[in-house]
Amino acid sequence: MFLFADGAVAEIEKKIIEAFEVFDHECNKTVDVREIGSIVRSLGCFPTEAELHELLAKVEEEEPTGYINLEKFLPVMTKVLLDRSYQPIPEDVLLHAFEALDENKCGYITKEELVKYLTEEGEPFTQEEMEDMLSTALDPETNTVRYRDYISMMIVDET
Amino acid sequence: MGSGSSANPTNYKYSLQKSENVQTLPDETHPAFKAAVLIQQWYRRYVARLEMRRRCTWRIFQSIEYACEQDQIKLHNFFSYLMDHFTPSSSKERDFISRMFISGESFKEAELEKYCDYESMEVPDSYTGPRLSFPLLPDHATALLEAFKQKQQLHARYVLNLLHETRKHLKQLPNISHVSTCYSEEVTVCGDLHGQLDDLFFIFYKNGLPSPSKSYVFNGDFVDRGKQSLEILIVLFTFLLIYPKEVHLNRGNHEDHMVNLRYGFAKEVMQKYKVHGKKILKMIQNVFCWLPLATLIDQKVLIIHGGISDTTDLDMLQKIQRNKFISVLRGKKRKESNKDVEIQEINGESKVEAESSESESDLSLSPQPRPAPSITNRLEFSKWLRQTVQEQIEWCRQLVDSESEPEEPTYSSVVSLTELDTQCWTHQEEWKQILDILWSDPMPQEGCRVNTVRGGGCYFGPDVTDKILEKYNLQFLIRSHECKHEGYEFCHNRKVLTIFSASNYYEIGSNRGAYVKLGPDLVPHFVQYQASKTAHTLTMTQRISRVEESAFRALREKLFAHTSALISAFKAYDKDNTGKISLSSWAMAVESVLHLGLPWRMLRPQLVRSTVDGMLEYKSWLDDLAMEQRSQEHIQSSLLEVIYRNRSNLETIFRIIDRDHSGLISFEEFRQTWKLFSTHMNIELTDDGIDDLVRSIDFNKDGNIDFNEFLEAFRLVKQSQ
Numbered sequence: 001m002f003l004f005a006d007g008a009v010a011e012i013e014k015k016i017i018e019a020f021e022v023f024d025h026e027c028n029k030t031v032d033v034r035e036i037g038s039i040v041r042s043l044g045c046f047p048t049e050a051e052l053h054e055l056l057a058k059v060e061e062e063e064p065t066g067y068i069n070l071e072k073f074l075p076v077m078t079k080v081l082l083d084r085s086y087q088p089i090p091e092d093v094l095l096h097a098f099e100a101l102d103e104n105k106c107g108y109i110t111k112e113e114l115v116k117y118l119t120e121e122g123e124p125f126t127q128e129e130m131e132d133m134l135s136t137a138l139d140p141e142t143n144t145v146r147y148r149d150y151i152s153m154m155i156v157d158e159t
Numbered sequence: 001m002g003s004g005s006s007a008n009p010t011n012y013k014y015s016l017q018k019s020e021n022v023q024t025l026p027d028e029t030h031p032a033f034k035a036a037v038l039i040q041q042w043y044r045r046y047v048a049r050l051e052m053r054r055r056c057t058w059r060i061f062q063s064i065e066y067a068c069e070q071d072q073i074k075l076h077n078f079f080s081y082l083m084d085h086f087t088p089s090s091s092k093e094r095d096f097i098s099r100m101f102i103s104g105e106s107f108k109e110a111e112l113e114k115y116c117d118y119e120s121m122e123v124p125d126s127y128t129g130p131r132l133s134f135p136l137l138p139d140h141a142t143a144l145l146e147a148f149k150q151k152q153q154l155h156a157r158y159v160l161n162l163l164h165e166t167r168k169h170l171k172q173l174p175n176i177s178h179v180s181t182c183y184s185e186e187v188t189v190c191g192d193l194h195g196q197l198d199d200l201f202f203i204f205y206k207n208g209l210p211s212p213s214k215s216y217v218f219n220g221d222f223v224d225r226g227k228q229s230l231e232i233l234i235v236l237f238t239f240l241l242i243y244p245k246e247v248h249l250n251r252g253n254h255e256d257h258m259v260n261l262r263y264g265f266a267k268e269v270m271q272k273y274k275v276h277g278k279k280i281l282k283m284i285q286n287v288f289c290w291l292p293l294a295t296l297i298d299q300k301v302l303i304i305h306g307g308i309s310d311t312t313d314l315d316m317l318q319k320i321q322r323n324k325f326i327s328v329l330r331g332k333k334r335k336e337s338n339k340d341v342e343i344q345e346i347n348g349e350s351k352v353e354a355e356s357s358e359s360e361s362d363l364s365l366s367p368q369p370r371p372a373p374s375i376t377n378r379l380e381f382s383k384w385l386r387q388t389v390q391e392q393i394e395w396c397r398q399l400v401d402s403e404s405e406p407e408e409p410t411y412s413s414v415v416s417l418t419e420l421d422t423q424c425w426t427h428q429e430e431w432k433q434i435l436d437i438l439w440s441d442p443m444p445q446e447g448c449r450v451n452t453v454r455g456g457g458c459y460f461g462p463d464v465t466d467k468i469l470e471k472y473n474l475q476f477l478i479r480s481h482e483c484k485h486e487g488y489e490f491c492h493n494r495k496v497l498t499i500f501s502a503s504n505y506y507e508i509g510s511n512r513g514a515y516v517k518l519g520p521d522l523v524p525h526f527v528q529y530q531a532s533k534t535a536h537t538l539t540m541t542q543r544i545s546r547v548e549e550s551a552f553r554a555l556r557e558k559l560f561a562h563t564s565a566l567i568s569a570f571k572a573y574d575k576d577n578t579g580k581i582s583l584s585s586w587a588m589a590v591e592s593v594l595h596l597g598l599p600w601r602m603l604r605p606q607l608v609r610s611t612v613d614g615m616l617e618y619k620s621w622l623d624d625l626a627m628e629q630r631s632q633e634h635i636q637s638s639l640l641e642v643i644y645r646n647r648s649n650l651e652t653i654f655r656i657i658d659r660d661h662s663g664l665i666s667f668e669e670f671r672q673t674w675k676l677f678s679t680h681m682n683i684e685l686t687d688d689g690i691d692d693l694v695r696s697i698d699f700n701k702d703g704n705i706d707f708n709e710f711l712e713a714f715r716l717v718k719q720s721q
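As you go down the protein sequences, you meet chains G and Y in turn.
Using the UniProt record's numbering, the letters of the first sequence map in sequence onto residues 1 to 159.
Using the UniProt record's numbering, the letters of the second sequence map in sequence onto residues 1 to 721.
Just so you know, the hints here were simulated from the structure itself, not pulled from any lab data.
Remember, it's a predicted structure, so these values are computed and weren't measured experimentally.
Just so it is clear, CB atoms sit at the ideal spot from N, CA and C, and this is done for glycine as well.
There may be inaccurate statements among the hints.
[To be verified] Sample of chain G residues facing chain Y (criterion: CB under 10 Å; computed from the structure):
| # | residue |
| --- | --- |
| 1 | LYS14 |
| 2 | ASN28 |
| 3 | LEU52 |
| 4 | LEU74 |
| 5 | LEU114 |
| 6 | GLU120 |
| 7 | PRO124 |
| 8 | THR136 |
[As the list claims (entries may be wrong)] Only pairs whose alpha carbons sit at most 25 Å apart, straight line, appear in this in silico DSS-like list of lysine-lysine:
| # | chain 1 | residue 1 | chain 2 | residue 2 |
| --- | --- | --- | --- | --- |
| 9 | Y | LYS151 | Y | LYS278 |
| 10 | G | LYS14 | Y | LYS558 |
| 11 | Y | LYS580 | G | LYS14 |
| 12 | Y | LYS227 | Y | LYS274 |
| 13 | G | LYS14 | Y | LYS575 |
| 14 | Y | LYS149 | Y | LYS272 |
| 15 | Y | LYS278 | G | LYS29 |
| 16 | Y | LYS245 | Y | LYS517 |
| 17 | Y | LYS319 | Y | LYS517 |
| 18 | Y | LYS319 | Y | LYS245 |
| 19 | Y | LYS214 | Y | LYS171 |
| 20 | G | LYS29 | Y | LYS484 |
| 21 | Y | LYS151 | Y | LYS227 |
| 22 | Y | LYS245 | Y | LYS114 |
| 23 | Y | LYS274 | Y | LYS151 |
| 24 | Y | LYS171 | Y | LYS227 |
| 25 | G | LYS14 | Y | LYS571 |
With these hints in hand, go ahead and build the complete structure from the sequences.
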């Protein structure tokens, strides 16, 4: 059982409020419900869509208005960060995931295959998400995704 | 392929149970599913982070841009303060002061024609650019467009000729232009262009040139910041003259010579036209004040550059003499102003010294002035003014011989009755109408308050919008003035549309531009674009990184410019003098010094690279910042800070003092203006400091300051040059 100093909790809360306010366009401590995912993720969390829906259920009003209040969001998100829920996905796990989709183990996945998996399996991508990923990941000459290279490039971008 | 809608959990072939950590799922259960979820999970997180970075970057640019505008207002307040309080006691003094800020002097019409005469200018045979003759024809327009594409320059004679004709034409136009959609099928409305000719080219390419069947409204801010402001003006004015019924121009807050001095247009003209630049600028100044203030489409859609306020009165706007307001920014309370009296300059046309909407408490300089005597006794009042001023700027008098008898202050207070029929509005009221139209911004909250960020105009809420729409039976407003990521944005329940046509405004990839088309049904259709080949080839990540880099460079420079203040702030959090502070304290200290309202904890990873046990060694962090800014060794760091912090102000002051646009000003002029300025702005700079500053600028020690050299030397000129 960890004991957190008050200071640490206060600091976490400040971080959450800052992130929240970036999306608070009307400056009235509310954000559009569709932006919650971005806020949660930019605070260092890697929730799945299902986990996100779960979280939303906790912060939404009884009668969903399309907006989330900071008041409700703050305590829930603070707990998320303190509990370290939605752990990051380490590089090797990500690599294994791509390898799992690479049936022939040849080090790349064709565009068609990747599109099929990511738009039909798991928590499917939208067309926009798929195109966005392909714009960086796809090698236009071979029409394949060389996933090792892609991962290395993205990890560098992250830091 | 998947559709455009977001994922629906119930469509899964194999649903995730609640709170199931995907990474712990056994591999046998449908490995492709698990792999896909992981990749999607990871990718969505990446995209969210990008989005956060993009928004933070945007905030950085905006806050710095607006902080700069605030600075400009302070500078203008400073000059206005001088005008109000400094009573020159001899002709020499008077000359000096009037030289400083009657740079906005207006000419009587005949004088203007004579000064900006072009007919005697010869165009050499070697000139291969377009030759204009009047009245202009569509062929002239296409020739101009082609010439500008080839980077040719229009001969000064034709520029001046065009400006004269434009002015003649604009004078006949009412303050509010009326457009009807029944004549042409559609009206296209464009927002800020800011000297970005490529965007205008793109709009014409995509949407077609202005013609009897294609109406255009250009909603101000044609100039400044971009490098081809003059070309844009030439093109717009040309089309205006060829198709006067179809092309409509609104004045923007940048169609103002005082603003042009700071934001690049004046510089651009002088660089491109070394011999005739002054004349061209003078003409343009007089053309700008004749630009209409607003446009109405079908009596239903009001188009203005900035916005409105709760006192906006279209009837007043229709009737005032818009050309009186050469620069909308200059205006401070004049003590002697009288309701029916129009304050004129010696030189010429009516010049307004209107009252500002801000209170006099802004002019706080110690010591406090004694209470003024009644203004009806002019001699008494002059004496009082002089005494007051004497306390504060005694040293200014040491410059000139000043044993002559006190003269009546004549440079700015020759009064005469208005020559027109008496309007019942004061100059202050009229001036405020225009200021609000050109400078205001919408805000989400209800109400109407002073726009302190810009320093002019208001923030107006949805209730203010509703009232105006109702009062004048309008459907919605179109305005510009603010950069929007998508090139356009609705607010106030879709009753206010912001349209911004300068793409990549902050940096390549920062934003799209857009224009809007309205047919008789007045339903808006948008076209967005990004007029830069580079922007298209970059991936989303690259675009965001690039803009981000630019933003952080600007931010680091700002931090550096406040080094001394930051050290004090950090020390306050480091009571034990360990040299370290927590990251939390860092965030709070930085905001308390810079007042930019930025999410510092979000930005920290880009600004603070190394920490020791989660603590920041602030001195070395500041040293690192300093090293990034290349600097002259012999300049003390505090001086450098001052220079960096006030570089835009410095440049503007220079340009105002350098009336003949020669690029040189004398030591004395600079020194005393700077001293006044720094007192007014509460900048601490000792006399030695000022001398150092002056000496550092005069590299060839000839007693003159070549400020272009100065700006180059200190990298004060933006890289994009």
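To see whether the hints hold, each was checked on the structure:
For LYS14 (chain G), the shortest C-beta to C-beta distance to chain Y is roughly 6 Å, which falls under 10 Å, so the interface hint holds. Hint status for ASN28 (chain G) relative to chain Y: holds, with the closest Cβ pair at about 7 Å, below 10 Å. Interface restraint check for LEU52 (chain G): the shortest CB-CB distance to chain Y comes to about 9 Å, inside 10 Å, so the restraint holds. Interface restraint check: LEU74 (chain G) against chain Y, minimum CB-CB distance 15 Å, threshold 10 Å, status violated.
For LEU114 (chain G), the suggested interface contact is upheld, since its CB lies about 9 Å from the closest CB of chain Y, less than 10 Å. For GLU120 (chain G), the shortest C-beta to C-beta distance to chain Y is roughly 7 Å, which falls under 10 Å, so the interface hint holds. The closest approach between the C-beta of PRO124 (chain G) and any C-beta of chain Y is roughly 5 Å, which is under the 10 Å cut-off, so the hint is satisfied. The beta carbon of THR136 (chain G) comes within 5 Å of a beta carbon in chain Y, closer than 10 Å, and the hint placing it at the interface holds.
For the suggested pair LYS151 (chain Y) and LYS278 (chain Y), the alpha carbons sit about 22 Å apart, so the restraint of at most 25 Å is met. With a CA separation close to 24 Å, the supplied pair LYS14 (chain G) and LYS558 (chain Y) stays within the 25 Å bound. Simply put, LYS580 (chain Y) and LYS14 (chain G) have alpha-carbon atoms about 21 Å apart, close enough for the 25 Å limit, and the pair holds. Straight-line distance between C-alpha atoms of LYS227 (chain Y) and LYS274 (chain Y) comes to about 16 Å, which keeps the hinted pair within the 25 Å bound.
Pair hint LYS14 (chain G) plus LYS575 (chain Y) holds up; C-alpha atoms about 23 Å apart against a cutoff of 25 Å. In summary, the hint linking LYS149 (chain Y) to LYS272 (chain Y) is supported, as the alpha carbons are separated by about 16 Å, within the 25 Å threshold. Between LYS278 (chain Y) and LYS29 (chain G) the CA atoms are separated by roughly 51 Å; this puts the pair beyond 25 Å, and the hint is violated. Restraint check for LYS245 (chain Y) and LYS517 (chain Y): the C-alpha separation of about 17 Å stays at or below 25 Å, so the hint holds.
Only pairs whose Cα atoms come within 25 Å are accepted, and LYS319 (chain Y) paired with LYS517 (chain Y) is rejected, the gap being roughly 29 Å. Between LYS319 (chain Y) and LYS245 (chain Y), the direct Cα distance comes to roughly 21 Å. Compliance with the 25 Å bound is thereby established for this hinted pair. A hinted pair counts as satisfied when its Cα atoms are at most 25 Å apart, and LYS214 (chain Y) with LYS171 (chain Y) qualifies at roughly 24 Å. Only pairs whose Cα atoms come within 25 Å are accepted, and LYS29 (chain G) paired with LYS484 (chain Y) is accepted, the gap being roughly 22 Å.
Distance hint between LYS151 (chain Y) and LYS227 (chain Y) is fulfilled; the C-alpha atoms sit about 12 Å from each other, no more than 25 Å. Restraint check for LYS245 (chain Y) and LYS114 (chain Y): not satisfied, since their Cα atoms lie roughly 30 Å apart, outside the 25 Å limit. A threshold of 25 Å between alpha carbons decides the hint, and for LYS274 (chain Y) with LYS151 (chain Y) the separation of about 17 Å falls inside it, so the pair holds. Straight-line distance between C-alpha atoms of LYS171 (chain Y) and LYS227 (chain Y) comes to about 28 Å, which puts the hinted pair past the 25 Å bound.
Restraint check: the Cα-Cα separation between LYS14 (chain G) and LYS571 (chain Y) comes to about 22 Å, which is no more than 25 Å; the hinted pair holds.
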